[in-house]
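Asker: Sequential numbering of the sequence shown, starting at 1, is according to the numbering used here.
Hints may contain errors.
Unchecked claim - Quick list of in silico lysine to any residue cross-link-like pairs, SDA-like style, CA-CA up to 20 Å: (1) K180 - L203; (2) K46 - S224; (3) K346 - N318; (4) K169 - N132; (5) K216 - A192; (6) K256 - P108; (7) K139 - K210; (8) K384 - N352; (9) K321 - E233; (10) K218 - I110; (11) K180 - T258.
The hints are simulated quantities; they were obtained by calculation from the structure and are not laboratory data. Predicted model only: the values in this text are computed from it and were never measured.
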Amino acid sequence: MTKKFLSFSLFCLVFFGGFSQNIQYAREVIDSLTSEKMHGRGYVLKGDSIAANYVGKEFQKNHLKHFGESYFQKFHISINSFPEKAEIQIGKTKLIPGIDFSVFAASPSISGSFKLAWINKSVLEDETQIKNLTNSNLKNKILVVDKSGIVDKKILEVLDGLRFTNIFKARAIIFLTNKKIMGSVSGGQKLAEFPVFDLKDSLINQKTKKIKIDLKNKFFPNYSTQNVIGYIEGKEQPDSFIVFSGHYDHLGMLGKNTFFPGANDNASGISMMLNLAEYFSKDENKPKYSMAFMAFSSEEVGILGSKYYSENPLFPLNKIKFLINIDMVGSGEDGVTLVNSTVFDKEYNLLNSINDEKKYLKKINKRGEAANSDHYFFYKNGVKCFFIYSNGAYSEYHNPMDKSSALPLNAFENIFKILRDFVQVY
Numbered sequence: 001m002t003k004k005f006l007s008f009s010l011f012c013l014v015f016f017g018g019f020s021q022n023i024q025y026a027r028e029v030i031d032s033l034t035s036e037k038m039h040g041r042g043y044v045l046k047g048d049s050i051a052a053n054y055v056g057k058e059f060q061k062n063h064l065k066h067f068g069e070s071y072f073q074k075f076h077i078s079i080n081s082f083p084e085k086a087e088i089q090i091g092k093t094k095l096i097p098g099i100d101f102s103v104f105a106a107s108p109s110i111s112g113s114f115k116l117a118w119i120n121k122s123v124l125e126d127e128t129q130i131k132n133l134t135n136s137n138l139k140n141k142i143l144v145v146d147k148s149g150i151v152d153k154k155i156l157e158v159l160d161g162l163r164f165t166n167i168f169k170a171r172a173i174i175f176l177t178n179k180k181i182m183g184s185v186s187g188g189q190k191l192a193e194f195p196v197f198d199l200k201d202s203l204i205n206q207k208t209k210k211i212k213i214d215l216k217n218k219f220f221p222n223y224s225t226q227n228v229i230g231y232i233e234g235k236e237q238p239d240s241f242i243v244f245s246g247h248y249d250h251l252g253m254l255g256k257n258t259f260f261p262g263a264n265d266n267a268s269g270i271s272m273m274l275n276l277a278e279y280f281s282k283d284e285n286k287p288k289y290s291m292a293f294m295a296f297s298s299e300e301v302g303i304l305g306s307k308y309y310s311e312n313p314l315f316p317l318n319k320i321k322f323l324i325n326i327d328m329v330g331s332g333e334d335g336v337t338l339v340n341s342t343v344f345d346k347e348y349n350l351l352n353s354i355n356d357e358k359k360y361l362k363k364i365n366k367r368g369e370a371a372n373s374d375h376y377f378f379y380k381n382g383v384k385c386f387f388i389y390s391n392g393a394y395s396e397y398h399n400p401m402d403k404s405s406a407l408p409l410n411a412f413e414n415i416f417k418i419l420r421d422f423v424q425v426y
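Build the full structure now, drawing on both the sequences and the hints.
Answerer: See the structure below:
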């Protein structure tokens, strides 16, 4: 009886325990990448390099080979950051960066207490108020833009244009929003000429006389960052590659005390990629084709890491049989979406047939080409590729609440399985 029980327990451990262990590893990766010591995986306190070193160590742990002397492909970007001060105070209330307000990523420094000027629906409907605003000297005032109630598309376009063209010559511009605040990071060649903020509309009104701002930027014209790339040699056709990619970078920090964890975007994708690397690195799972795993920097800056790689490949791009870019796969109760699936029917049909048979995912949604993640420059260079992301209720995006503890991973196992099966039958 005891022997039978032990045999059954061992069977269960081997047969069912495999992915529970992978989920544990997935959580460990996401917890690590979203921890405070990563500084938001951005360009404050070298958060990007700390994250890159972590990914490189995981590659080494899983016995991935590297092209050249190391896993790292260095390149340079220009980047603006806010490592010290990012403070707004209205009356006695100190606002929370990333929650109550965000800063346009290319903004320069600003410090002081400023009076306000307003542009809103009532101002735009009154010629006298428009004239007064146009003729006012706003060089020491903050212009507050409130678009609520405005439906005219041309007017909205003009107001949105104030983010880039300060026709009123205000000291800074604040846009009010009733939506969740979202952060960003800038990779422009130079700073903007004036600071721009997004602010929750519930925190300010026309009775507000002054606002206090203390923002200190640090601009790096030649910042050194890196992609992280490793591979597993195929057992039958080692000169052809299936590639999994994803970006490890995120938004970094906004001031000393606020960092953006980036659990879904894109610690989840890197975790999936590392799970696949761990699986296929085992002797019993060695793939037919070689497999490259590419963790890109600077996606949030404008998909610059993958752009650099596509211009400086470590092996010929025409050796890539297929590439799947993984970005934001932390949910999935409503299935997944495949960018480029309307372009590459054969591969979409293969994934769909796997899903029809195994019932891994609720749905695989089709989508056309889009320049919205790291697959794009490969696609533009003739590489067949998909970008996969999960669909579900999870809504934290580019804010400090995109935490590991909030991420459900409710379809992570089955997304892993369908990607694994695709590699095995492709």
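Asker: State for each hint whether it applies.
Answerer: Quick rundown of the hints versus the structure:
1. Using a Cα cut-off of 20 Å, the hinted pair K180 and L203 holds, with the two alpha carbons roughly 13 Å apart.
2. As the CA atoms of K46 and S224 are separated by approximately 10 Å, the hinted pair is consistent with the 20 Å bound.
3. Simply put, K346 and N318 have alpha-carbon atoms about 18 Å apart, close enough for the 20 Å limit, and the pair holds.
4. A distance of roughly 14 Å separates the Cα atoms of K169 and N132; the hinted pair therefore holds under the 20 Å criterion.
5. For the suggested pair K216 and A192, the alpha carbons sit about 14 Å apart, so the restraint of at most 20 Å is met.
6. The straight-line distance between the Cα atoms of K256 and P108 is roughly 17 Å, inside the 20 Å bound, and the hint therefore holds.
7. The suggested pairing of K139 with K210 holds, with an alpha-carbon distance near 15 Å, which does not exceed 20 Å.
8. For the given pair, K384 sits about 17 Å from N352 by alpha-carbon distance, which is consistent with the 20 Å threshold.
9. Note on K321 and E233: the hinted pairing holds, with a Cα-Cα distance of about 14 Å set against a maximum of 20 Å.
10. Note on K218 and I110: the hinted pairing holds, with a Cα-Cα distance of about 12 Å set against a maximum of 20 Å.
11. With a C-alpha separation of about 16 Å, the suggested pairing of K180 with T258 holds against the 20 Å cut-off.
When each numbered hint is compared with the structure, no violation occurs for any of them.
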